[in-house]
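Visitor: For reference, the chains in residue letters:
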Amino acid sequence: MIENRPIVTFISHAVIILGIIVIAFPVWITFVAASHDALRMTQSPLPLWPGGHFFENLKEALFVGLDVGGASQPVAFMLLNSFIMAMVIALGKIAISLLSAFAIVYFRFPFRMGFFWMIFITLMLPVEVRILPTFKVVADLGLLDSYAGLTLPLIASATATFMFRQVFLTIPDELLEAARIDGAGPMRFFFDILLPMSRTNIAALFVILFIFGWNQYLWPLLITTDQSLTTVVMGIKQMLEAGEQLLQWNKIMMTTLIAMVPPIIVVISMQKMFVKGLTETDK
Amino acid sequence: MLKRVHFNTSWLPFALVAPQIFITVVFFLWPAGQAIFQSFLLEDAFGLSTEFVWFDNFKELWADDAYTDSFSRTAFFSLMVAFLSLSIALVLAGMADRIVKFATTYRTLLIWPYAVAPVLAGALFVFMFDPTLGLVAYALDIFGYDWNHKLNGGEAMALVIMAATWKQISYNFLFFLAAMQSIPKSLLEAAAIDGAGPARRFWTIIFPLITPTTFFLLVVNIVYAFFDTFGIISAVTDGGPAGATNILVYKVYSDGFIGLDLGGSAAQSVVLMAIVIVITIIQFRYIEKKVDY
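Those protein sequences? They're chains A and B, same order as listed.
Quick note, the first sequence lines up with residues 17 to 299 if you use the numbering used here.
Quick note, the second sequence lines up with residues 19 to 311 if you use the numbering used here.
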């Protein structure tokens with residue numbers, strides 16, 4: 017605080033609180049919608065205050081699901097799929113980026129820069145851009161409708177490799193010298209010194225990548241036709257498309273809420289890590 | 019780039035980069051190459067015969083009104099999203115920077131939309147603006163405005179812009195706030211002693227000093243609006259009504275997977291790749307160097 021200006025301070029608080037209210041409003045009415053019964057959600061105007069059916073709807077969404085043109089899929093099941101996908105993508109990206117950053121920073125070998133640029137190129141080719149040929153490659157490999165097809169194409173990551181490269185470059189050379197004098201080989205050095213030293217960066221990156229994986233939509237939509245691989249984020253679209261029948265907003269919004277909560281919890285509970293990961297990976 | 023002290027073993031580094039390179043080649047370079055190759059081919063709908071047509075697919079693309087319309091629509095969409103989310107985030111961060119009390123609480127309450135998937139953000143806005151039931155549509159109706167984004171293209175565009183902006187504010191907010199908090203307090207104190215009020219200090223000191231962040235965010239936001247908003251379009255409008263929200267990433271998908279126009283979709287992929295490459299080069303070359311105080 018530079019000087020005491022109560023009015024300006026008051027306005028600042030007011031503007032921020034107003035911003036928070038506006039930003040949170042969609043989620044509030046989602047919560048409200050999820051706590052009413054189906055009948056109430058067909059009467060205009062819709063409620064602004066929660067009703068008493070929250071846990072009933074929660075139970076039904078989680079264990080029964082919503083009828084989308086014949087088959088209904090329990091949301092609990094979709095959550096499991098989302099969780100597996102997000103974890104595999106996040107951990108896979110971290111693992112392969114750590115290894116390749118280690119190789120590029122700590123080894124002299126032919127084509128080192130060539131490999132580096134090859135990884136760099138992935139930065140420029142988001143999956144949305146080359147969607148059809150990538151789909152074709154995955155189909156040719158017979159990976160449609162499988163967890164491998166769902167996760168592998170999303171696992172290569174230039175950003176994570178760059179971040180670990182940056183981290184490794186700041187680690188003093190003396191550590192490697194000391195390790196070598198003590199007779200440690202490269203992998204020993206990697207596991208006993210590099211990994212523990214980049215622990216916070218790994219955690220920070222994990223938050224970002226978990227959210228990235230959880231929120232994938234277009235890719236799973238294309239390569240899974242098997243209902244048993246539906247993720248919760250895709251499930252919403254199927255529910256919104258339920259077509260002829262009147263949309264069952266209370267259940268759709270309950271599912272939306274369920275789909276939003278895990279990544280939000282990750283962000284808020286690991287807030288420090290998240291901010292660190294975000295501001296350091298993207299720059 | 020390379021450590022002064024390093025290992026010299028023959029095969030280990032290759033084994034270490036192998037997984038990353040394997041995935042990059044199989045799922046990135048190979049499909050990208052295919053897209054470039056495809057874009058020069060004309061294939062009939064059954065895949066029985068293909069013909070090498072050089073740049074015909076691209077010429078056709080530029081001659082196609084639907085594509086050029088989609089191009090200008092995408093430009094409008096991303097500029098609006100970037101402008102709105104940046105200015106709202108700037109105001110919020112400017113206010114939050116002044117506050118000592120509750121600062122962390124406010125930050126917590128503002129950052130979570132980042133974690134919401136674009137499709138879900140779309141679902142929230144579809145629900146609020148549903149023409150028959152939505153609360154906001156109802157409120158607008160009271161004021162005599164008949165909202166129907168399912169029929170009115172302008173309203174559909176407004177809705178996807180709102181949903182995309184909503185999601186991006188928290189990201190911009192975090193970066194602006196971090197940039198503002200790294201400005202030395204002594205500068206602001208000196209200006210205050212010289213009689214500059216909060217607004218003046220903001221425009222003459224804070225805003226110029228965060229220009230690098232602003233430019234960085236501008237690029238990131240445009241990339242976001244170009245490529246990460248597929249889910250929002252898909253949930254809210256499916257590109258409609260009458261193509262009013264059919265932005266480039268959605269068109270690549272719908273032409274390729276629904277329209278089955280392989281050559282055309284590949285040509286669109288190539289154009290999009292070129293756009294990403296240009297944006298990335300701008301980001302690395304100019305922004306990090308030139309806008310520096």
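Worth flagging that the hints you see were computed from the coordinates, not collected in a lab.
All C-beta atoms, glycine included, are put in the ideal place defined by N, C-alpha and C.
Among these hints, one or two may not hold up.
What the hints assert, rightly or not - Chain A stretches covered by chain B per the calculated footprint, using a threshold of three residues with CB under 8 Å from any CB of chain B:
1. 44-58
2. 70-81
3. 92-106
4. 129-142
5. 244-255
6. 287-295
Visitor: Please go over all the hints and tell whether each is borne out by the structure.
Guide: Now the hints, each set against the structure:
| no. | hint | result |
| --- | --- | --- |
| 1 | 44-58 | holds (count 5) |
| 2 | 70-81 | violated (count 0) |
| 3 | 92-106 | violated (count 0) |
| 4 | 129-142 | holds (count 9) |
| 5 | 244-255 | holds (count 4) |
| 6 | 287-295 | holds (count 5) |
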